[in-house]
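**Q** Next come the chains, spelled out residue by residue.
There are 2 protein chains.
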Amino acid sequence: MPIKLIKSKVMGTVKKTKKIGEDDPRRIVHSVKVGLALTLASLFYYLRPLYDGFGQAGMWAILTVVVVFEFTVGGTLSKCINRGVATLLAGALGLGAEYLADLCGDKGEPIVLGLFVFLLAAASTFTRFIPHIKTKYDYGVLIFILTFSLVAVSGYRVTQILQLAHQRLSTILMGGAMCVIISIFVCPVWAGQDLHNLVAGNIGKLATFLEGFGGESFTSQGDDGDKDKLFLHLHKSVLNSKATEESLANLAQWEPCHGRFIFRHPWKQYLKIGTFSRECACLIETLTGCINSKPQEAAPSEIELQIQPAFRKLSTESGKALKELASAIKNMTFPSSAVIENHLNNSKSAAEDLKTMLDNFSLSPNGKPDIQEIMTLLVIASLLTDIINCVEKISISVNELSEKARFRKENSTDNKQQRLIHCGVVNPVDDDERTVVIEIKETTLGDLILKDKH
Amino acid sequence: MPIKLIKSKVMGTVKKTKKIGEDDPRRIVHSVKVGLALTLASLFYYLRPLYDGFGQAGMWAILTVVVVFEFTVGGTLSKCINRGVATLLAGALGLGAEYLADLCGDKGEPIVLGLFVFLLAAASTFTRFIPHIKTKYDYGVLIFILTFSLVAVSGYRVTQILQLAHQRLSTILMGGAMCVIISIFVCPVWAGQDLHNLVAGNIGKLATFLEGFGGESFTSQGDDGDKDKLFLHLHKSVLNSKATEESLANLAQWEPCHGRFIFRHPWKQYLKIGTFSRECACLIETLTGCINSKPQEAAPSEIELQIQPAFRKLSTESGKALKELASAIKNMTFPSSAVIENHLNNSKSAAEDLKTMLDNFSLSPNGKPDIQEIMTLLVIASLLTDIINCVEKISISVNELSEKARFRKENSTDNKQQRLIHCGVVNPVDDDERTVVIEIKETTLGDLILKDKH
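In order, the protein sequences belong to chains A and B.
Taken in order, the first sequence gives residues 58 to 511; the numbers are from the numbering used here.
Taken in order, the second sequence gives residues 58 to 511; the numbers are from the numbering used here.
Please note that a few of the clues may not be correct.
Repeated chains share a single entry, so a pair holds when one copy, or any two copies, can fit it.
Said to hold, decoys possible - Calculated cross-link-like contacts (lysine-lysine; reagent style DSS-like; alpha-carbon spacing at most 27 Å):
#1 73 to 380
#2 64 to 387
#3 405 to 370
#4 380 to 329
#5 299 to 325
#6 370 to 293
#7 329 to 293
#8 387 to 73
If you are wondering where the hints come from, they were derived from the structure by calculation, not from laboratory data.
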């Protein structure tokens with residue numbers, strides 16, 4: 058049945074391809090945009106007046122479009138600018154080299170030119186290993202070597218070269234301009250926006266994990282395997298997000314201000330938040346390993362049943378704090394520090410409760426408790442405590458971001474109201490505080506917590 | 058003092074650049090190789106007979122060299138093959154499109170050709186989002202779009218195109234062949250060898266960490282800060298090695314057999330080992346976080362002093378197992394399973410001892426022990442136990458690699474001797490076993506351990 062086999066293979070490929078388009082429809086739009094730009098560039102050949110003006114140089118417009126058009130605006134701009142500047146610079150240098158070589162006579166010329174090409178190519182290739190140049194100007198250096206070699210070696214006279222350079226530069230400029238205009242004005246894909254969403258989404262994923270972890274029994278039975286796997290997948294994608302974040306941050310620096318992103322938006326701060334998110338994901342990785350290695354019992358033990366509420370509170374509350382941070386980034390508003398501190402304090406107090414409880418268990422006089430079980434619970438508790446610390450670090454860096462990027466501060470009265478309402482929903486650290494909040498309506502919970510600290 | 062400032066800045070840049078060359082002198086060699094290839098390519102312009110034969114097409118040799126020459130042999134080969142195949146394919150298709158468009162008359166031609174270019178460019182651009190194509194054939198698809206557009210749009214007659222295609226293809230082939238020959242025969246940089254070294258080196262780093270961790274007191278005082286930082290740095294580079302490993306494995310697949318790497322060397326297996334190494338690095342990350350968060354006391358407590366030998370043994374023995382694995386990969390020999398199992402068993406028994414000790418402490422009748430301290434120690438013990446499990450996984454995957462890649466088996470008598478000698482050095486699991494080994498000299502320790510398991 059080779060025909061059936063081929064048919065099923067083709068159907069499989071079609072399905073996969075369809076899924077790639079469905080996952081991110083911007084990919085389809087991008088493909089259409091490239092097709093459009095290329096068809097426009099080929100006009101250079103068809104329209105007689107243009108063809109007569111530029112001749113074969115029209116080829117460079119097509120070449121530029123194919124090579125320069127990238128998925129994000131930042132990518133397209135960085136390649137265009139790199140290409141333009143490098144071509145100009147290398148052209149000028151090449152011209153100088155040609156002029157110098159010309160002075161050396163007919164026999165000396167090829168030797169001098171060969172030496173120039175060798176030295177410049179070797180030196181430029183070496184600069185491509187410098188990390189700063191590699192991330193930002195790699196393409197520019199490539200074009201620099203290419204153009205310099207072509208100009209120096211072409212063997213034309215200087216006047217001929219100038220005419221050629223004029224033709225090529227103007228076609229390259231036109232091709233580049235076309236790419237930039239299409240990529241900015243036709244359904245633009247901003248690397249900055251993508252980075253912003255990625256970082257917020259990663260924090261959201263961690264929050265979902267922690268909330269889910271708190272909602273479930275952490276010693277779930279086998280039939281919850283699917284859910285566990287979903288969690289595993291969630292934080293794993295966070296763990297491996299470093300390369301994507303760095304490349305997006307690099308491209309975002311090339312983009313002009315757009316939407317609510319100001320010109321000198323603190324893109325580097327996103328990388329800092331990303332680092333802490335990955336640290337947190339690393340702890341979660343250890344946590345899931347810990348839970349999976351735990352023997353799965355039919356029913357939770359007595360100790361587990363007793364400490365479960367504290368566990369649940371600890372995990373859920375830190376998850377809620379992360380969710381607040383994620384939504385603050387997403388909406389570009391200042392994270393409500395009162396709400397977050399409240400959540401963090403709640404989970405810290407839960408951690409304290411947990412510690413006391415486990416302490417009591419391990420010291421219980423009625424016989425030897427199961428040390429193996431307590432050990433696992435202690436480890437989980439300790440990891441969760443570390444996660445709280447990590448959430449605090451994320452919170453601080455998100456605050457820094459919202460200040461540097463001048464996020465919108467929410468309406469202060471609304472905000473206050475919200476905090477007071479929220480205060481009734483979440484469990485406050487202790488009952489005294491709740492009383493104070495109800496009595497002094499002019500003070501927000503955040504101020505109270507801050508005062509409490511000093 | 059602007060001159061002084063400039064001078065110091067220049068000196069700084071020079072120093073940094075020098076360091077990049079010193080870190081990996083192959084970079085300097087690579088730069089020289091590129092210069093050499095480019096100078097050779099420029100001969101196409103200088104040598105009259107060649108110039109007359111190829112005309113302007115000589116430009117394509119220079120273009121090919123600049124674009125195709127990569128740091129590794131795999132990179133150069135993959136780009137060459139991609140470029141060659143894509144140019145041929147797109148050229149043929151472009152010719153067909155030109156022929157079809159010709160049939161539609163003078164007015165229809167540009168419309169039909171424009172449509173072809175649009176459809177092909179959009180479809181090809183979309184395929185660049187398919188992960189498999191993106192990793193292996195991205196450059197080929199780019200060249201395919203470029204060549205098809207150039208050929209289809211050029212407006213030449215078919216016979217003219219054929220002549221042009223012949224010129225361009227032969228210059229591209231010459232440029233490509235030059236790059237391949239220089240990159241293979243002049244100080245080659247094999248991506249496969251790099252991947253091999255990277256994976257072995259990463260395991261070695263983890264081993265150094267664990268051995269260092271065991272050698273030191275794990276509750277070191279402040280003045281050991283530098284050493285701690287070195288450790289942190291070591292495993293951090295392992296954590297972030299995923300992208301490098303994947304790109305090297307991808308390039309290695311393009312390389313012919315070289316040195317002791319056979320043609321279908323199991324490059325994917327290295328990625329598997331890498332994943333487990335990163336898992337281990339993640340545990341180490343949590344471990345260092347745990348130690349740093351521990352309050353630094355002036356002197357270790359009584360409990361700590363008592364359990365320290367077990368801790369040290371646990372960590373050092375698993376470190377030794379990893380070191381054995383790293384050196385086995387490096388030397389391309391079968392890892393000595395007896396030695397590794399011995400180390401692992403030693404560290405497992407140390408873990409058991411530790412558990413019992415901590416158990417006794419937490420149940421000690423003489424007053425309440427410091428639960429906080431025991432908790433941290435329990436967490437460290439648990440993490441180290443997880444690390445042992447991870448080392449086992451690494452060991453299994455390295456064994457798989459050595460079988461798949463047909464690593465050299467060491468001389469069996471030498472090996473046996475070595476194992477017996479080693480057996481006296483490391484602490485065996487229990488004393489009975491040592492007796493058995495001395496009595497029955499024909500049996501190796503590995504066999505004994507295996508028998509013991511069944």
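**Q** Each hint: holds or not?
**A** Status of the hints after comparison with the structure:
Taking the shortest alpha-carbon separations for residue 73 and residue 380, neither the intra-copy value of 33 Å nor the inter-copy value of 43 Å comes in at or below 27 Å. In this assembly of identical chains, residue 64 and residue 387 lie within 27 Å of each other by CA distance neither inside one copy nor across copies; the values are 44 Å within and 46 Å between. For a Cα distance limit of 27 Å, the shortest separation of residue 405 from residue 370 inside one copy, 10 Å, qualifies, whereas the shortest one across copies, 35 Å, does not. For the identical chains of this complex, residue 380 and residue 329 are intra-copy neighbours only, at 18 Å inside a copy versus 33 Å across copies, given an alpha-carbon limit of 27 Å.
Taking the closest pair of Cα atoms, residue 299 and residue 325 come within 27 Å of each other both inside a single copy (13 Å) and across two copies (22 Å). Only within a single protomer do residue 370 and residue 293 lie at most 27 Å apart by alpha-carbon distance; the minimum there is 24 Å, versus 32 Å between protomers. For the homomeric pair residue 329 and residue 293, the shortest alpha-carbon distances inside one copy (18 Å) and between copies (15 Å) are both at most 27 Å. Neither within a single protomer nor between protomers do residue 387 and residue 73 lie at most 27 Å apart by alpha-carbon distance, with minima of 30 Å and 39 Å respectively.
Hint check: violations occur at hints 1, 2, 8; the rest are consistent with the structure.
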